[in-house]
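**Student:** Sequence:
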Amino acid sequence: MEIAFILSLEHPTLPKAELKAVFEAENLPFIIKEEFDGFLILEIPEESCRYCDNEIFKKKTYKETYNSLERLALTHEGFQILISTNKANLIEKVQKYPWEEVITGDYAVRVKKKRFNSGKKSKSEIDTLGLEKQIGGLIRHKLGEDARVNLENPEVFIRTVIIGDRVFMGPRLIKISKKHFFELKPHKRPFFYPGSMSPKLARTMVNLTRIKTGERLLDPFCGTGGILLEAGIIGARVVGSDIDPKMVKGTLENLEHCGIRDFEVFRADVRKLTLPFRVDAVATDPPYGISASTRGSESLTLYGGALLSLEHLIKDDGLVCLATPHYMDIYQLVKGTKFEIIEQYHIRMHKSLTRVISVLRKI
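Under my numbering, residue 371 is the last one in the sequence shown; the count climbs by one each step, no gaps.
Honestly, I wouldn't trust all of these hints.
As the list claims (entries may be wrong) - Under the rule of at most 27 angstroms between Cα atoms (straight-line distance), these lysine-lysine pairs were calculated in the BS3-like manner:
#, residue 1, residue 2
1, 104, 150
2, 280, 370
3, 208, 196
4, 323, 343
5, 150, 196
6, 346, 359
Source of the hints: derived by calculation from the structure; they are not laboratory data. It should be emphasised that the depicted structure is a prediction, and the values quoted were computed from it without experimental measurement.
When you get a sec, could you build the whole thing from the sequences and use the hints?
**Tutor:** Following this line, the structure appears as structure tokens:
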């Protein structure tokens, strides 16, 4: 089974890394078959694919889909590839395909054009709307008079992607809603503090830890609770601490406002933090520089002490997703600890700051 994913172009490598991390978290084997800018084709063994009946993709709420691919943040949608061809042979392929095996209710066809990896525009312009009508008409002719087109909320959504001369086509399996990331922006929560991480990046950091449903994720610099919110929404048991009592109170307000129930949040200095259990993963965005939130501690000293403390708080082989400013030497920080850097991504925030997202593994 081949599934194509339309990825966000917000970052050159992070969307692909997040997708791979979520597949690994869901214990879903895959092989990368082809890759273009913002477009990835994976092969998933049929015998190990629990999504083959597509039922899990039809669920709508976060509670129902916390253990599915809908936890992704930097992916737009995914569809099963039924037709892979070139533009010249597309219509013939559509005419011959047994659509009655795929479409049993109403349907819609949508066409999307994407660029080559080189970023060059296609030489020939394609009338996507005209092609949608043509393909939709061919499918309707194949299915007969009972076939119904529904452009608003179809039971089967047929996605067609054109990249250069290549065409990929099939039913959409998942669509990642961006409504959540808009509605849960930091300033829209009950407790807000300037500099809070966006929910989309917070979700991505959580996903990079490969956390599974029911496992514990710790944020020892929880701030306003953004990372804990995203971890709780996808089904993790969340544990948070912060040295600032105002932040602890604000995190509790935000978690309760968003309906997160399985959490433990308390005031603590991460360098002295002890827990009656070891967590499965850590995702955190510590404060930068000397500020009230660090109680006067310089960042380098604070981060170093935090990593030494996390050695005793996380399980063996557990992953830490850590955000740091570009001017901090993370490689120097992990020296002498039980952590190794296995992934790293640079995100330019503005002209004076690049945020570095590092994934560390306990060894």
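**Student:** Are the hints correct? Go through all of them and say.
**Tutor:** Each hint tested on the structure:
Between residue 104 and residue 150, the direct Cα distance comes to roughly 9 angstroms. Compliance with the 27 angstroms bound is thereby established for this hinted pair. A threshold of 27 angstroms between alpha carbons decides the hint, and for residue 280 with residue 370 the separation of about 19 angstroms falls inside it, so the pair holds. With a CA separation close to 14 angstroms, the supplied pair residue 208 and residue 196 stays within the 27 angstroms bound. Under the criterion of a C-alpha separation no larger than 27 angstroms, the hint pairing residue 323 with residue 343 is consistent with the structure, at around 19 angstroms.
Between residue 150 and residue 196 the CA atoms are separated by roughly 49 angstroms; this puts the pair beyond 27 angstroms, and the hint is violated. Between residue 346 and residue 359 the CA atoms are separated by roughly 33 angstroms; this puts the pair beyond 27 angstroms, and the hint is violated.
Hint check: violations occur at hints 5, 6; the rest are consistent with the structure.
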